[in-house]
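Number of protein chains: 2
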Amino acid sequence: MDDSKKRLTPLSELGEFGLIDKLTSDIKLKNSSTLVGIGDDAAVIKSKKDLLTLVSKDLLLEGVHFDMMYAPLKHLGYKAAVVNFSDIVAMNGKPKQLLVGIGVGAKFSVEAIEEIYFGIKTACKIYGVDFIGGDTTASASGLVISATVIGEVEQDRIVYRKGASPNDLICVSGDLGGAYIGLLILEREKQAFKANPDLQPELSEHDYVLQRQLKPEARTDIVEILAKNKIIPTSMIDVSDGLASDVKHLCKASNTGCIISEEKIPIDQETYEMSKIFNLVPSVSALNGGEDYELLFTIKQSDYEKIKEIAEISVIGYMVDASEGERFITNDNITVDLEAQGWDALKRRQSEIPDNGS
Amino acid sequence: MDDSKKRLTPLSELGEFGLIDKLTSDIKLKNSSTLVGIGDDAAVIKSKKDLLTLVSKDLLLEGVHFDMMYAPLKHLGYKAAVVNFSDIVAMNGKPKQLLVGIGVGAKFSVEAIEEIYFGIKTACKIYGVDFIGGDTTASASGLVISATVIGEVEQDRIVYRKGASPNDLICVSGDLGGAYIGLLILEREKQAFKANPDLQPELSEHDYVLQRQLKPEARTDIVEILAKNKIIPTSMIDVSDGLASDVKHLCKASNTGCIISEEKIPIDQETYEMSKIFNLVPSVSALNGGEDYELLFTIKQSDYEKIKEIAEISVIGYMVDASEGERFITNDNITVDLEAQGWDALKRRQSEIPDNGS
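Note that the protein sequences, when read in sequence, are chains A and B. Going by this note's numbering, the letters in the first sequence line up with residues 1 to 358, in that order. Going by this note's numbering, the letters in the second sequence line up with residues 1 to 358, in that order.
Here chain A stands alone, though its shape is the one from the complex:
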């Protein structure tokens, strides 16, 4: 069937309440703590004894956090959900409920909003999260996606950013820098497309890093692996700003310094090679790229034997006394200050991303 010929439904045809019904009528609640989802003035949750409730929210704005030119709508919905789940995971918790508010311009069709919702619902399904609040409103400007996630964690298993001590090992899950390289490739193809709209984008060889950028995952699996191995991290954060910035968050909250070894930072082969093509030192993509949504955490040295066999986790350094500062040992064995450029959305401009390597 040729979908491109399907008539798109203007928003005005349904109105606000009709749209909400259409988007949410197929939502089913699965978690026992979710008493009431969409449809009343507030959603209702019943917490269990000895469980703490975790809440986090994120605002994704067109032109700042994503570019509609290359971010498919269903991936945007998926990512908006998952980056929130990741915040709950970073507290060693499990995401349970999600609320999403969407602001859309008049140019949006009902089908376009359904795409975003499809992504949100898919993420909720995969992560076992109940979608309990949805609200779609007009936006006079760009697309706005505002998500709030509720999670839960056993009182004796919660992990904060604070809590690390000198000598604790610094660990990270998965690999870093891929999401940033994915963004650079998308930006490069966008510039090429602008210069010559007949050009086909060269994306097929870059599946891994593009997925890291467009459709990241929250590491709920790592939380389970840690629990199974009886490890409770002493501090934890998810890598959203970049390794350098996020390890500094742990140090600041825990009142420690740190030493990170460049050679220990896990970097995927594709990230490594594309970094070179973009004239970037690969570890810089990891340190300053951000958006990898891996877990960065510290453990007691006594837990090293438990963690060293887990393939998905790398030990990249250790905490030191705050007076020793935050340090980085390069592959040439030179020790320098750890610099965080970070993913500082207030300073960042898309145009600052190097337009290189084509």
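Watch out, some of these pointers could steer you wrong.
Each pair may be met inside one copy or between any two copies, as identical chains are not told apart.
What the hints assert, rightly or not - With a straight-line Cα cutoff of 27 Å, these simulated DSSO-like cross-link-like pairs (lysine-lysine) come out:
1. K28 to K252
2. K252 to K30
3. K162 to K264
4. K162 to K30
5. K276 to K264
6. K74 to K22
7. K46 to K252
8. K215 to K30
9. K48 to K30
10. K22 to K252
11. K30 to K49
12. K162 to K28
13. K48 to K162
14. K162 to K22
15. K30 to K46
16. K22 to K125
Think of the hints as simulated: they come from the structure by calculation, not from any bench.
Go by the hints and put chain B onto chain A.
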């Protein structure tokens, strides 16, 4: 001191983390259920036994929900908080925690964002709510304020939209239509200012309706009065879309019809007189204006004796069988179908507001 000469601080001077520190360092947590507020990946809440957790969120967008030309920033912050509190109140609950994400354009100064935060913090102080999550990001377009509120309610006191039965009395707190008339006055003065920028706005005589529009309140006091008088409504909603639309929400959720009497609708004198000046039937401001954030609820007839002495509550009609539909008895004693134009932001355009009465 002449504030107008004060140098404003550009956002780039502080960066994202510096800004968050500046905005949130004076926040103190007061509710025992709030374990951790701003500063980690998620806020942490400890619910008490037999209490249900309520969650609601709202998205306020420049050019759709507010106009920067006449909405002072501190009032915007206050309103963003209070309209969320109102959703918790509408479940017969108490708001306890608030998270707010703000997207601001590059033109914004640090001081402008502090104004918004001042409004949010003031609302939190007045309502005894902890401000537990704040996030400020760049916006490529207009101002975006996204708030999420967490509240609590005893399990045996929660009130939904569903639950009303035929013969239940329909009640409303305070008075209706004022917020809409306030909006019309602000729009009128904006048009006059555009035509002649030397003109001083004529606002001083309209304090009440302007406050209803710019700085609404959530009726936590009504929830307390109801509790004190041992009344648990059978259904409840807050009046955000307009009386007609909101009573229809109760009817739909409860599977009832309703009869509303025009003569019983509480309308303030100022709303009444200004409606006439705008060539509006006063009850139409109440039925279709919205944003009054009064409580609309139903009670058993047996509770009538308890409610009739409460000055702040008016009985405006009663529920009937669904087959009888939703009906409106005019002051001329003519019965018509209750029409809901509603506050349907997807259909609404500011330009549709009558530009009248100047």
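Hints versus structure:
1. K28 to K252: This pair counts as between: shortest inter-copy Cα distance 20 Å, intra-copy 41 Å.
2. K252 to K30: Answer is between: at 25 Å across copies they meet the 27 Å cutoff, but 38 Å inside does not.
3. K162 to K264: within (23 Å within a copy, 58 Å between copies)
4. K162 to K30: For K162 and K30, the Cα distance is within 27 Å only across copies (21 Å; inside one copy 33 Å).
5. K276 to K264: within (18 Å within a copy, 75 Å between copies)
6. K74 to K22: within (17 Å within a copy, 36 Å between copies)
7. K46 to K252: Close across copies (25 Å), not inside one copy (34 Å); limit 27 Å.
8. K215 to K30: within (24 Å within a copy, 39 Å between copies)
9. K48 to K30: both (15 Å within a copy, 23 Å between copies)
10. K22 to K252: Between copies only: 16 Å across chains, 46 Å inside a chain, cut-off 27 Å.
11. K30 to K49: both (19 Å within a copy, 22 Å between copies)
12. K162 to K28: between (37 Å within a copy, 19 Å between copies)
13. K48 to K162: both (25 Å within a copy, 25 Å between copies)
14. K162 to K22: For K162 and K22, only the inter-copy Cα distance (20 Å) is at most 27 Å; the intra-copy one is 44 Å.
15. K30 to K46: So K30 and K46 pass the 27 Å test inside a copy (13 Å) and across (22 Å) alike.
16. K22 to K125: For K22 and K125, the Cα distance is within 27 Å only inside one copy (18 Å; across copies 39 Å).
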